[in-house]
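K.L.:
Put the two chains together into one complex; each comes in its own frame, and the hints tell you how they fit.
Residue numbers (our numbering), protein chains in the order written: chain D, 1 to 271; chain L, 272 to 494.
What the hints contain is simulated information worked out from the structure, not anything from laboratory work.
The beta-carbon is built from N, C-alpha and C at its ideal position, and this holds for glycine as well.
Be aware that a few hints might be false.
Unchecked claim - Pairwise CB distance ranges, derived in the manner of DEER restraints:
hint, chain 1, residue 1, chain 2, residue 2, range
1, L, 336, D, 74, 45 to 55 Å
2, L, 337, D, 264, 17 to 27 Å
3, L, 337, D, 57, 27 to 37 Å
4, D, 133, L, 337, 49 to 59 Å
5, D, 89, L, 422, 48 to 58 Å
6, D, 58, L, 413, 34 to 44 Å
7, L, 483, D, 234, 17 to 27 Å
8, D, 75, L, 278, 41 to 51 Å
9, D, 264, L, 413, 30 to 40 Å
Said to hold, decoys possible - Some chain L residues judged to face chain D by a derived CB distance under 7 Å, without partners named:
hint, residue
10, 340
11, 343
12, 345
13, 348
14, 392
Said to hold, decoys possible - No more than 27 Å apart at the CA atoms, straight line, and that leaves these computed lysine-lysine pairs for DSSO-like:
hint, chain 1, residue 1, chain 2, residue 2
15, L, 285, D, 260
16, L, 483, D, 49
17, L, 483, L, 285
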Amino acid sequence: MELMELPHIESPEDRVLPKPLKAEARSLSFSYGSRPALRNLSIPIAEYKITALIGPSGCGKSTFLRCFNRMHDLYPGTCYEGEILLYPDGRNILAREVDPIEVRMRLAMVFQKPNPFPKSVYENVAYGLKVRGVMDRRILDEKIEQALRSAALWEEVKDRLSAQATSLSGGQQQRLCMARALAIDPELLLLDEPTSALDPIATANIEELLLDLKRRVTILIVTHNMQQAARVSDWTAFMYLGELVEFGLTKQLFTNPSRKQTEDYITGRFG
Amino acid sequence: MIQRHFDEELAELKTKLARMAGLAEDQIDKALAALVTRDSALACRVIERDHKVNALDVEIDEACIELLALHQPAAHDLRLVTTAMKLSTELERISDLAESICERAIELNEEPQLKPYIDIPRMGSLARVMVKESIDAFVKEDATLARKVIVNDDFVDDLMEQLFRELLSFMVENPHTISRAIRLSFIAKSLERMADHVTNIAELVVYLVEGKIIRHTSPPVPL
Chain D
1 MELMELPHIE SPEDRVLPKP LKAEARSLSF SYGSRPALRN LSIPIAEYKI
51 TALIGPSGCG KSTFLRCFNR MHDLYPGTCY EGEILLYPDG RNILAREVDP
101 IEVRMRLAMV FQKPNPFPKS VYENVAYGLK VRGVMDRRIL DEKIEQALRS
151 AALWEEVKDR LSAQATSLSG GQQQRLCMAR ALAIDPELLL LDEPTSALDP
201 IATANIEELL LDLKRRVTIL IVTHNMQQAA RVSDWTAFMY LGELVEFGLT
251 KQLFTNPSRK QTEDYITGRF G
Chain L
272 MIQRHFDEEL AELKTKLARM AGLAEDQIDK ALAALVTRDS ALACRVIERD
322 HKVNALDVEI DEACIELLAL HQPAAHDLRL VTTAMKLSTE LERISDLAES
372 ICERAIELNE EPQLKPYIDI PRMGSLARVM VKESIDAFVK EDATLARKVI
422 VNDDFVDDLM EQLFRELLSF MVENPHTISR AIRLSFIAKS LERMADHVTN
472 IAELVVYLVE GKIIRHTSPP VPL
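Next up, chain L with everything else stripped away, as it sits in the complex (with noise of 0.2 Å):
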């Protein structure tokens, strides 16, 4: 068997895009924690720790360059690569998120909790098995259990949908509780973003397996 060193490369990258999705899925668990022990020096932490996230984008982008430039991959080599480049922005983008949740906790923690949080860790612990999921099936390069994956983003729409319209109540209810409803309804959005980018991420593992580009074919809706 020719090619070794190649293989070893491209077995190292997706070791480091397994690294970089376990940080991620870390900072969602930190962030979710933040946000339901009202813990703002937790929030902090994870908002600095977001650095290495983006790091390590920066350091998947410039190996999958490198890999383009001196090796010229074809096939599913190829399919590996650009792949990979896609999927560390998305893991990039589900992190910031993940911050972004951290920083609307400490506002909320300024003010008493509005409401007992039941949906939110909800909808975020499905996103985060939803994370672990599109990973697992990138690193085993399975398409069934990506497809699965995507299948799961309509329940964190769901969720999302029944919060918004329980946060709206209160809202209508009662004006005082509207800037903490507003921040718990970003919060919401922030996970429903975040399964929108894991769903992407599954689309992608769809196309290295298989080398068909599913995202954007489902029928258009009629107006």
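Pulled out of the complex, with its shape left as it was, chain D reads as follows (with noise of 0.2 Å):
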């Protein structure tokens, strides 16, 4: 008798590097003004993957998620080195010749504070797609009813479209940010701390939406919650004095972290 082929069982022992990659690092380094943020950093982000940077306060992962979108083009004296390639392109999204606005119509970004235009729900979530020259009230009513099922908001909203946003709840306003910021389809979602002001409920949802969303798109999250880097993202880069100490497949990094540093972190044993 034949005895049934068993599947390949993947070792523990790969540390493997992600791939296919939607964006990755290279020996990036940051300052504000003479003040260096980050040194050398290479991190892959893997495509339709969730990539969760954590770290002590000051680490440098916001800063590093905020280069992604060239948000520290808004002050002046910053500085970049090194590179961030955006895929399947591979083009450099820090290079001068790079317009920011055109690589901000690639990314989106949710903050760790709901913030809401003073606008109506559909406005918030329609405002993407007009600035991107959407018009069609067919094409927008259908696109921002997407996006409001993508966040899971839809059946909550549906029936108040023209109410303040404001008028929400605190997780019912974080999760129209993240309606807002789908409505666009954008490549990569960069997402700070998405679910530090909200209650367990409403940061359970967040981390629902975020596991049914990386099917369609790649996401970077920073967050001071290691049980949700290790709850949501498939991968994880830990962060100390603006240099990675460590990066790894999320499930490795927190049954077994190569680092000492990373497991002192992640153990609550310092930071």
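P.N.:
Here's what the structure looks like:
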């Protein structure tokens, strides 16, 4: 009798690197004036996966995230070195000749605190589309419903699309910001502690949402919540003092980190 | 240094396991003594005492579940808690095997002794030393000692083979010895199983220290 062919089991020894990539920081350094904030970071961002950035306050997580949409360009005296390549075209989005507006068209970002525009629910989600020249009401309606459904908010707001966004609860406002970000079909979703101002239920909703979303969009998330990083991300980068200490598969990093510093941080013994 | 309270709870967990291991070792000791000295009363006491090991198993399990739920440990802490849960199960089974040895000893004591017991006490003391060393390896987090324990399992297996052949010859020569010889081979099998559980403990210790799962990693035997 023939024995059943067994599936290949990946050895936990395989400290692999992600593939294919959606983006990649290569030897990235960044400074605010004379103050260096990031030192020689090389971090790959796997396509259709969630990559979490963890580390103590001031380690440069948010600074790193903000390099992706060239947000630092808004302030004088900042300086980038190295590159951030965005795939599939492999374009260095930090290059001088690249227009930051063009970069921002491809990405979307959600911040720590919900920041809806002081407009209606509908207008908040429509904003990015209108900026991109979508004016057809039928297309807008369709896209807005789709984005609100993706953000798991549609059922709660479908009867009050014209209500002020600020009348929604904190968790709903954050999901509205998520819908606003998703409406433009971003290639990469940047999240800067998106649940730190939310209660556990709203947090669980957002986390569920992220796990659903990664089928369609690559996600890079900064979080202070270690359990959140462990729950939602596929890859984790641990940063300290502007440097990358360890990068690896989340399940590996949280069960058997290779660096002592990572171990101490994730077990709450330092940081 | 922060996290002191959690560290204390982890240390307490280790102490509980060491206590359980000490009890399991004593169960093996007493079970063998009951067999060799043909002391059925002692065998009964060992059987009665098994519930203490069971109670510790439950206590350790509950402590681990609580640590997981309340502290969400990661990395080494996580490996320690999950290892402790498995380790207490192994110790509980070792104690069950000591109980089973006592049951066979009581039955054997109702008939004349088949032969002088030589290999069985040797197997027993080897198993007992293995339990002690594996727990030492756990407490000190010493992967080298754990690996040494794993090697010792082969000696216990060899002794069992040897004993089995000897008992078989008794049975072939004289069918009246069969019931005693079978009971003695059950005892040998229990000791061999004990050594297997100890091997599991040692493998868990390697996982705890190095984060590597080494069980089931020996190359497959060609058919």
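K.L.:
A separate judgement is required for each hint: does it hold in the structure or not?
P.N.:
Okay, the hints, checked on the actual structure:
Checking the proposed 45 to 55 Å range against residue 336 of chain L and residue 74 of chain D shows it holds: the Cβ atoms sit about 50 Å from each other. At about 23 Å, the CB distance of residue 337 of chain L to residue 264 of chain D agrees with the hint of 17 to 27 Å. Restraint check, residue 337 of chain L to residue 57 of chain D: a C-beta distance of roughly 30 Å satisfies the suggested window 27 to 37 Å. Residue 133 of chain D and residue 337 of chain L have their C-beta atoms about 58 Å apart, which keeps the hinted 49 to 59 Å range intact.
Separation of residue 89 of chain D from residue 422 of chain L is about 57 Å and conforms to the stated range, judged on CB atoms against 48 to 58 Å. Restraint check, residue 58 of chain D to residue 413 of chain L: a C-beta distance of roughly 38 Å satisfies the suggested window 34 to 44 Å. Take residue 483 of chain L and residue 234 of chain D: their Cβ atoms lie about 22 Å apart, and the range 17 to 27 Å holds. For the pair residue 75 of chain D and residue 278 of chain L, the beta carbons lie near 43 Å from each other, so the given range of 41 to 51 Å is met.
For the pair residue 264 of chain D and residue 413 of chain L, the beta carbons lie near 22 Å from each other, so the given range of 30 to 40 Å is not met. Taking 7 Å as the C-beta cut-off, the interface hint given for residue 340 of chain L is violated, the closest approach to chain D being about 12 Å. Given hint, residue 343 of chain L at the interface with chain D, holds; its Cβ is 5 Å from that chain's nearest Cβ, closer than 7 Å. With a cut of 7 Å, the hint placing residue 345 of chain L at the interface with chain D holds, because the nearest CB-to-CB distance is about 4 Å.
Annotation: residue 348 of chain L was flagged as interfacial toward chain D, and the flag holds, the nearest CB pair being 5 Å apart, inside 7 Å. Because the smallest distance between the Cβ of residue 392 of chain L and any Cβ of chain D comes to about 41 Å, over 7 Å, the interface hint for this residue is violated. Taking the CA atoms of residue 285 of chain L and residue 260 of chain D, the gap is near 22 Å; set against the 27 Å cutoff, the hint holds. Note on residue 483 of chain L and residue 49 of chain D: the hinted pairing holds, with a Cα-Cα distance of about 26 Å set against a maximum of 27 Å.
Proposed proximity of residue 483 of chain L and residue 285 of chain L is supported: the alpha carbons are some 20 Å apart, at most 27 Å.
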